[in-house]
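Undergrad: Listed here are the chains, written in short residue letters.
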Amino acid sequence: MTENGAVLRIEDLHVAVDGKQIVNGLSLAVPAGEVHAIMGPNGSGKSTLANALMGHPRYQVSAGHIYLKGEEISALSPDERARKGLFLAMQYPTSIPGVTMVNFLRAALKAVRGQDIPVREFRQRLQEALALLKMDESFARRYLNEGFSGGEKKRAEVLQMTLLRPSMAVMDETDSGLDIDALRTVAEGINALRGPEMGILLITHYQRILNYVTPDRVHVLYKGRIVRSGGKELASELEAKGYDWITSSLDSEESEDA
Amino acid sequence: MTTTRNARDIVSGYKYGWHDPEFKPINEVRKGLDRDVVAQISALKNEPQWMRDFRLRALEIFESKPMPTGFWGGNIGNYPLDFQDIYYYVKPVEKQGRTWEEVPQEIKRTFDRLGIPEAERKFLAGVGAQYDSEVVYHKIREDLDKLGVVFVDMDTGLREHEDIVRQHFGSIVPPADNKFAALNSAVWSGGSFVYVPEGVHVDIPLQAYFRINTENMGQFERTLIIAEPGSYVHYVEGCTAPTYSSDSLHSAVVEIIVKRGARVRYTTIQNWSTNVYNLVTKRAAAYQDAVMEWVDGNLGSKLTMKYPSVFLMEPGAHGEILSLAFAGPGQHQDAGGKVVHVAPNTTSTIVSKSISKGGGRTSYRGLLKVYEGAKNAKSTVRCDALLLDPDSRSDTYPVMEIDEEQVTVGHEATVSKVGEEQLFYLQSRGIDETEATKMIVNGFVEPIVKELPMEYAIELNRLIELQMEGSVG
Numbered sequence: 001m002t003e004n005g006a007v008l009r010i011e012d013l014h015v016a017v018d019g020k021q022i023v024n025g026l027s028l029a030v031p032a033g034e035v036h037a038i039m040g041p042n043g044s045g046k047s048t049l050a051n052a053l054m055g056h057p058r059y060q061v062s063a064g065h066i067y068l069k070g071e072e073i074s075a076l077s078p079d080e081r082a083r084k085g086l087f088l089a090m091q092y093p094t095s096i097p098g099v100t101m102v103n104f105l106r107a108a109l110k111a112v113r114g115q116d117i118p119v120r121e122f123r124q125r126l127q128e129a130l131a132l133l134k135m136d137e138s139f140a141r142r143y144l145n146e147g148f149s150g151g152e153k154k155r156a157e158v159l160q161m162t163l164l165r166p167s168m169a170v171m172d173e174t175d176s177g178l179d180i181d182a183l184r185t186v187a188e189g190i191n192a193l194r195g196p197e198m199g200i201l202l203i204t205h206y207q208r209i210l211n212y213v214t215p216d217r218v219h220v221l222y223k224g225r226i227v228r229s230g231g232k233e234l235a236s237e238l239e240a241k242g243y244d245w246i247t248s249s250l251d252s253e254e255s256e257d258a
Numbered sequence: 001m002t003t004t005r006n007a008r009d010i011v012s013g014y015k016y017g018w019h020d021p022e023f024k025p026i027n028e029v030r031k032g033l034d035r036d037v038v039a040q041i042s043a044l045k046n047e048p049q050w051m052r053d054f055r056l057r058a059l060e061i062f063e064s065k066p067m068p069t070g071f072w073g074g075n076i077g078n079y080p081l082d083f084q085d086i087y088y089y090v091k092p093v094e095k096q097g098r099t100w101e102e103v104p105q106e107i108k109r110t111f112d113r114l115g116i117p118e119a120e121r122k123f124l125a126g127v128g129a130q131y132d133s134e135v136v137y138h139k140i141r142e143d144l145d146k147l148g149v150v151f152v153d154m155d156t157g158l159r160e161h162e163d164i165v166r167q168h169f170g171s172i173v174p175p176a177d178n179k180f181a182a183l184n185s186a187v188w189s190g191g192s193f194v195y196v197p198e199g200v201h202v203d204i205p206l207q208a209y210f211r212i213n214t215e216n217m218g219q220f221e222r223t224l225i226i227a228e229p230g231s232y233v234h235y236v237e238g239c240t241a242p243t244y245s246s247d248s249l250h251s252a253v254v255e256i257i258v259k260r261g262a263r264v265r266y267t268t269i270q271n272w273s274t275n276v277y278n279l280v281t282k283r284a285a286a287y288q289d290a291v292m293e294w295v296d297g298n299l300g301s302k303l304t305m306k307y308p309s310v311f312l313m314e315p316g317a318h319g320e321i322l323s324l325a326f327a328g329p330g331q332h333q334d335a336g337g338k339v340v341h342v343a344p345n346t347t348s349t350i351v352s353k354s355i356s357k358g359g360g361r362t363s364y365r366g367l368l369k370v371y372e373g374a375k376n377a378k379s380t381v382r383c384d385a386l387l388l389d390p391d392s393r394s395d396t397y398p399v400m401e402i403d404e405e406q407v408t409v410g411h412e413a414t415v416s417k418v419g420e421e422q423l424f425y426l427q428s429r430g431i432d433e434t435e436a437t438k439m440i441v442n443g444f445v446e447p448i449v450k451e452l453p454m455e456y457a458i459e460l461n462r463l464i465e466l467q468m469e470g471s472v473g
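Chains as they are written, first to last, in this note's numbering: chain W, 1 to 258; chain Z, 1 to 473.
Worth flagging that the hints you see were computed from the coordinates, not collected in a lab.
Mixed in with the good hints, there may be bad ones.
Said to hold, decoys possible - Derived pair list, reagent style DSSO-like, types lysine-lysine, alpha-carbon separation capped at 27 Å:
(1) W/K153 to Z/K450
(2) W/K20 to Z/K450
(3) Z/K45 to Z/K122
(4) Z/K139 to W/K84
(5) Z/K438 to W/K110
(6) Z/K91 to Z/K146
Remember, predicted model here, so these are calculated numbers, not experimental data.
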């Protein structure tokens, strides 16, 4: 595969949070059109990876590279990354009182497109996206994430993704805290977005969302590194055997090294 | 050049800081304050003896009262405010205009630049424009005039409606209320007299605009609004001043009487330049089933001390205070509200939102008082402060005096910083940091801005935006 074929390429990435090294030499490439899942136990560095990719100021990239469509982005601000086509569906979306969803979505769309979107077109696309995610139209008039239930927040993230049409979406535990119906709806939303141009990195603790969104590749993250990669069957294997299956052997290797 | 701009304005982003150097007052009383000055003001206005006596008595009260250093106030004593270095009366015109053409060119130009005649044509029922000590233009829509609505400057009100004025003037805010109420009572000039007859609804706002032009000027307008039973009026005031290196003083008194079943809304968009002390006493009395609403926006001034009050005098009365304050570098907005429940079954709400930036300081000062016997009084107070940087400051001083057991009272206060997480969230959607901060601030003030008529909401958002852009921390 060529360099240009990867929407997202991560090379030997090291990330520290508050001086503590969390991601330790992670490399990964997501080609256009593919969905990759990253699975890992708690504390393996999943959310750190997600936040570092988007450029959260508290997550310091101490070494390595992040390429988006071939361009190094690790020195860019989050908004610059977003305008270049990166999207992060957050695990814990924050609320912004007084800012309505509809105003926020228009501002975001304007920012990533670099120009205003005609009202009629915007309204139509918003209605389609709301329908896709089985969200009531009144949703658009509510304040951004304010008083949203856990499930509503996750849907709202996928709604934004649907409207902004990023070339690379990183989804940080979008499945956590969802009941089975909400999970199915969110998965349908993701599937509707999949396409030959777009890469998706699905970060998850559990295998169950992968029953609905079939990944092209599955990677296991442990102690800030990819320790195993495979096809979709790897997820089922993990589900059956648990993370210990991989991590215990790694931990014993580590102690032998020491 | 007929007007001048000031380097400080260019740095701070204040758009109203020019002054008009061509302006020559018709008459001014010498600088400083004493019996002679007060007597001269009264004489120039040809006032009845009782008003002259009222002023002189108020002066004595002013002189006998120490500067407010106690709870009510932003420690004005710490500021170098010199009462003898101020002009108390500057008369801009011989005769008030009934049309803008009658207003002297250079003064009209000022109001043109402030957009007042245009606003009048578009969406106002009446306009009063005060320039230094006197109202230079006043007009009310003819149909309202025919319904008996009175909207004139206070001096005209005194001349043409002396009995009503004499009955109510100083009845809600007596001169002895506080030092600055006493000062205003001694040297007041201009302001509005509004009378709305029983059952009359003034469906679009009346606006008064206050402009200071002269350096070291004190502006002391006095406003009295009387809403007869079942009537409605929305009064809006705006104010700006030139930016001078020396200080000016604005000290107004506003008294409002809201009779049975009437409703008065009083909206202020205060945008004085940052060399103006803004020390104002505003109070309303609401009677049976009446509604009084203060919407108080403070963006300008060096120091503002203002706590609009509502006295709920009879059952069913409702008071509402929405206070919005924005303090930038060198500014202290000491604002809030007071509600006094005198009668049973009265309700009130206070919502305060303050923003501090670049070392600016905001304080919320609030009083909730419930008299014994005011059974079933209900009140909620909510104050939220937003700090835009670590140099800025916000304090909350709520006081509650509840002398009745059967009441429902809620109080909630929050202080928040523009959070890293909120900025990151918006930025992760492509919105740059400046725009994201603006969105967060606009969202924060939204509960107050949405209460304003559209034109004022737009104006207020624009002023907040200017203040956000001005002066980097």
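Undergrad: Looking back at the numbered hints, which does the structure fail to meet, lowest number first?
TA: 2, 3, 4 and 6
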